[in-house]
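Engineer: Just so you know, the sequences run in chain order A, B and C. Taking the working numbering, I'd label the letters of the first sequence as residues 5 to 417. Taking the working numbering, I'd label the letters of the second sequence as residues 5 to 417. Taking the working numbering, I'd label the letters of the third sequence as residues 5 to 417.
It cannot be assumed that every hint is accurate.
The list treats identical chains as one, so a pair stands whether inside a single copy or across any two.
[What the hints assert, rightly or not] Pairs of lysine-lysine, BS3-like flavour, derived with a Cα cap of 27 angstroms:
#: 1; residue 1: Lys143; residue 2: Lys406
#: 2; residue 1: Lys143; residue 2: Lys260
#: 3; residue 1: Lys236; residue 2: Lys119
Please keep in mind that the hints were generated in silico from the structure rather than gathered at the bench.
So you can see what is in the structure, the chains are spelled out below.
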Amino acid sequence: MTWLLIAFDGKETALNKRAITKLVNTHPPKTALDQAFYTDVDIYTRDIEEIYLKSWLYAGHVSEIPAIGDWFLFELAGESVIIVRSDTHEINALVNVCRHRGSRICLTARGCARKLICGYHGWTYELDGRLRNAAHMQKTFDKSGIALKKIHVEVLEGMIYVNFGARPASFEVIRNGLTECLRSYRLDTAKVAHRQTYSIDANWKLAVENYSECYHCAPAHPEYTRGHSLAKPGAHSEALMEEVMQRASACGLSDKSVSRIYLDAEGFGADYAYERYPMWQGHITGSEDGQAVAPLLGDVSDYDGGTTDIQIGPVNFALAYCDHVVIYRFTPVSLDRSECDITWLVNGSAEEGKDYDKERLAWLWDVTTTADKRIIESNAKGIKSRYYKPGPLAHMEDYTWKFISWYLRAIKP
Amino acid sequence: MTWLLIAFDGKETALNKRAITKLVNTHPPKTALDQAFYTDVDIYTRDIEEIYLKSWLYAGHVSEIPAIGDWFLFELAGESVIIVRSDTHEINALVNVCRHRGSRICLTARGCARKLICGYHGWTYELDGRLRNAAHMQKTFDKSGIALKKIHVEVLEGMIYVNFGARPASFEVIRNGLTECLRSYRLDTAKVAHRQTYSIDANWKLAVENYSECYHCAPAHPEYTRGHSLAKPGAHSEALMEEVMQRASACGLSDKSVSRIYLDAEGFGADYAYERYPMWQGHITGSEDGQAVAPLLGDVSDYDGGTTDIQIGPVNFALAYCDHVVIYRFTPVSLDRSECDITWLVNGSAEEGKDYDKERLAWLWDVTTTADKRIIESNAKGIKSRYYKPGPLAHMEDYTWKFISWYLRAIKP
Amino acid sequence: MTWLLIAFDGKETALNKRAITKLVNTHPPKTALDQAFYTDVDIYTRDIEEIYLKSWLYAGHVSEIPAIGDWFLFELAGESVIIVRSDTHEINALVNVCRHRGSRICLTARGCARKLICGYHGWTYELDGRLRNAAHMQKTFDKSGIALKKIHVEVLEGMIYVNFGARPASFEVIRNGLTECLRSYRLDTAKVAHRQTYSIDANWKLAVENYSECYHCAPAHPEYTRGHSLAKPGAHSEALMEEVMQRASACGLSDKSVSRIYLDAEGFGADYAYERYPMWQGHITGSEDGQAVAPLLGDVSDYDGGTTDIQIGPVNFALAYCDHVVIYRFTPVSLDRSECDITWLVNGSAEEGKDYDKERLAWLWDVTTTADKRIIESNAKGIKSRYYKPGPLAHMEDYTWKFISWYLRAIKP
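Take the sequences, apply the hints, and build the full model.
Structural biologist: Quick look at the structure:
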């Protein structure tokens with residue numbers, strides 16, 4: 005072998021299936037994951053193949069590609085997919101690999117074109133992927149059977165989800181579970197006000213585990229804790245909850261909470277949740293001062309003093325306020341690096357600078373995610389220690405445990 | 005194991021010999037290479053050992069080391085070789101590794117010295133590699149048998165070629181095949197006007213495949229396509245070709261085209277080619293406006309309206325115009341990175357600023373190589389996709405297929 | 005496998021135990037190490053596990069943490085250890101990994117705190133490591149048995165040493181061997197005047213081998229060679245040595261030379277040495293002009309014209325002058341990278357700017373280490389060559405051979 009391995013400061017393994025199975029089977033309940041789940045290369049391969057390449061993944065919002073030929077790229081695990089609006093206004097997810105010699109076709113993050121032309125030898129594709137032209141090919145060359153490969157794509161209330169799997173989980177389950185809850189926000193007519201990607205030097209599971217629990221909110225997120233009752237366990241009374249839910253109905257919002265996630269989902273990858281909880285008095289949305297940061301969304305008629313945690317599939321999360329929605333997506337980049345991509349949606353007719361200020365809108369979840377990045381990276385360093393021993397999870401980490409339990413089953417060989 | 009593998013966004017393999025043999029044996033004709041040839045670490049090792057360490061490689065030009073003691077370094081695959089002009093004006097290729105504790109001896113890209121002195125413990129070598137002095141060694145130490153190791157070196161018309169192999173292909177075959185064609189350019193008296201290295205984030209074969217075909221010229225290289233008839237298949241008439249060749253003879257240039265490359269070579273690594281084709285009217289050399297950029301080379305008496313593609317060994321290429329020669333060398337740096345090194349030669353008596361302008365001289369092949377770098381890197385990203393499937397090669401990619409056919413045989417275990 | 009290995013420009017191996025044993029057993033005497041010892045990943049793993057995780061390592065000086073709660077981090081091989089002064093003024097070495105979910109607790113290089121609080125979920129520890137508080141845990145949670153893990157720590161004349169091993173070599177052997185020799189310097193009351201880390205792109209053994217011999221001093225270190233007689237073999241007379249030693253006694257310094265290192269040590273890792281040699285006339289300390297750079301240390305009453313090489317454990321070295329002490333520590337960072345950490349100690353009552361100038365104080369060993377970094381990195385490049393062959397060691401490299409002999413036995417499977 006003529007290769008240099010970059011040294012890693014802790015230990016790393018490449019476990020075989022039997023060893024992974026044993027690790028999964030012997031995992032103690034309500035306990036953090038063993039080191040190997042963060043440092044084993046074969047487990048990481050399973051993470052990609054058994055979870056990410058089989059799950060619905062948030063790709064973007066329809067408002068990002070309003071016109072025919074508009075496209076943006078969705079990238080994951082070395083794959084690049086062109087999300088493009090076709091001549092018939094459908095949304096296609098085309099693999100960004102030329103059928104000739106494999107070049108990338110679209111090279112920038114987004115663009116608009118009536119045909120997709122490979123810059124290498126000029127092979128030209130229709131917006132639905134069919135090969136339209138290839139110059140100077142032999143007479144025997146039959147272009148009719150050649151097209152860019154496609155992956156599955158679904159749109160839920162304007163949010164575009166893709167799935168690399170051959171037979172993905174039914175998206176109808178998710179659609180049926182959430183459409184009614186989400187409808188009044190009218191996200192299909194919303195628009196992207198801001199989008200930001202945070203690079204995190206940590207295995208993706210440390211990021212999802214962090215997102216899944218609010219045990220760390222009080223010590224680590226004073227900005228969030230000020231307005232959101234979730235940060236203090238048992239802090240809000242049933243009475244306050246009831247009060248907010250009554251106002252929700254009056255404001256046109258669903259007062260239902262639904263949660264069919266992880267092992268409770270109706271099939272692998274068909275996770276969905278819409279869970280409401282009160283904000284503290286004086287707070288009507290997620291912002292620095294608790295006051296409105298954008299016009300009310302869709303059919304929402306007033307601020308009800310509540311907020312909502314949303315989950316769509318295993319690794320896409322969102323927070324819905326009355327005036328904006330924050331969409332989270334966590335993706336692995338390598339064993340030791342992941343990305344957190346955040347999209348802020350506002351009312352489609354709102355104008356930046358007039359109806360909302362981007363800085364103010366994004367403030368809370370930018371400051372919170374920046375803090376989480378630091379926390380997750382400190383966690384990543386610690387779990388590589390030869391002295392790391394997974395500790396007990398608190399009640400406030402129940403969702404993290406739900407995730408871990410599901411994860412262990414999902415990657416079990 | 006205590007190592008961190010840097011995650012790669014596609015799949016990578018380390019195939020055994022049987023698997024590599026099977027891949028080679030089942031490769032379909034006139035088709036791009038399978039993904040594994042770009043992403044497999046054991047295949048990359050074979051690329052280095054079976055091809056690069058056994059091939060003649062362009063190292064530089066005699067004008068770079070005119071005086072006794074002048075040297076420059078040639079580096080490849082972790083090896084560093086001192087190309088030095090000896091006390092008897094011969095050119096030696098000495099391995100840049102001290103025989104004491106292995107330190108590099110020459111640390112800069114080029115220099116001049118009467119003795120080669122290791123900066124660590126002062127061991128001192130003659131310009132032919134013999135150890136001259138080692139201070140404070142035991143009395144029993146016999147320095148007479150100790151010398152820097154040498155690799156093979158040959159000079160063809162002033163161009164220096166080295167070969168790491170124990171029994172390299174006969175350079176005489178190449179010399180016999182090309183001397184007559186090249187002689188009138190008098191490259192032995194030419195000089196290096198410019199030299200530039202382009203780092204390409206791609207496996208080296210993607211770079212060579214790109215160089216080998218002009219199917220991409222029309223879509224990707226308008227600057228080249230303007231003047232060079234090769235960019236349009238069947239575009240130039242036999243009559244035009246004949247006309248140019250007649251002028252060639254009158255200008256003192258060879259009108260012969262020879263090509264014994266890859267599987268047609270007279271033995272592994274003994275590739276040579278000198279192939280002429282017309283430029284379009286109004287173009288007399290490879291430049292932005294088609295007009296002269298330097299004085300005529302050597303014994304060339306006028307511009308004949310033609311140009312020449314040259315190949316010397318499997319991975320060294322050149323383009324000869326009447327007023328300058330452009331030498332290309334492609335070298336692997338890692339599985340995923342390569343270098344393209346370009347040297348521009350002009351008439352040895354030409355003066356920069358007076359007889360030629362470096363920017364104007366280098367313009368065409370700089371702009372073309374910069375575009376190719378982008379193209380090759382886009383290709384490299386695409387071929388790593390799980391969805392990549394090698395496509396059919398066009399007639400205009402026949403030379404790429406010649407390269408691939410030879411390559412497959414060369415690395416077959 | 006879905007991993008990218010970064011290509012390495014030479015060859016690399018992952019040898020099994022039998023192959024490593026054979027390499028060790030067949031190593032020729034008084035010869036540099038074989039290439040594999042610098043490029044084999046499994047040998048590097050043994051280096052870490054059999055040597056670094058079992059050796060006493062210099063962590064810092066007591067003057068860096070004078071008050072209760074003062075701490076600094078010691079980091080090696082992915083481990084981070086909090087060196088902290090406890091409520092009872094003891095020095096503890098606590099593993100910087102929270103017992104809950106494994107986060108790092110201390111995130112900066114140094115600090116001061118009455119309690120150690122994990123920033124993730126607020127778990128709070130005493131300065132001796134005991135868990136004091138964990139919010140919102142289940143009633144059944146018993147915190148009494150939970151504490152940060154500890155590693156061994158010892159203090160010798162104010163210098164703090166740590167050891168990751170379960171049963172480390174007796175530090176008493178080292179203490180007994182050196183206390184008398186070191187006492188007059190009163191390093192327990194000294195202070196850190198300067199500390200600097202040099203990153204070296206080379207396997208750690210190339211750095212230690214370089215430090216171990218003065219064969220390279222004359223060719224490579226004119227600044228050192230000016231004042232230190234060690235640079236010229238047999239240069240100083242017995243008479244000069246005797247003279248200096250007599251002055252040493254008069255100045256309150258030990259005139260003893262002791263050396264129980266490597267295979268001569270009283271057990272693995274219990275190395276110690278205190279070896280004196282004369283400086284050339286006109287030089288009274290290690291500085292640019294040979295003149296004093298700080299007030300005399302501790303109980304030293306005058307400059308005796310000598311200097312001292314010290315070793316404590318296998319990889320910690322020091323140089324003692326009458327007015328300052330320079331402490332060296334070499335640590336591996338990866339197979340191909342290491343760090344050289346240097347601490348300059350001066351009299352505890354000396355004031356910077358008044359009694360000493362930091363630039364002047366650090367000049368000699370900064371200029372020497374900067375040169376060594378370059379030398380070692382050139383060595384690292386050369387030994388990766390396919391043409392590298394370990395050469396014979398000179399008499400002046402006897403200490404390097406002592407190190408190599410010990411090293412081979414230490415990592416032998």
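Engineer: Evaluate each hint against the coordinates.
Structural biologist: Evaluation of the provided hints:
no.	hint	verdict
1	Lys143 x Lys406	between (59 angstroms within a copy, 21 angstroms between copies)
2	Lys143 x Lys260	neither (63 angstroms within a copy, 32 angstroms between copies)
3	Lys236 x Lys119	between (54 angstroms within a copy, 23 angstroms between copies)
Checked against the numbered hints above, the structure breaks only hint 2 and satisfies the rest.
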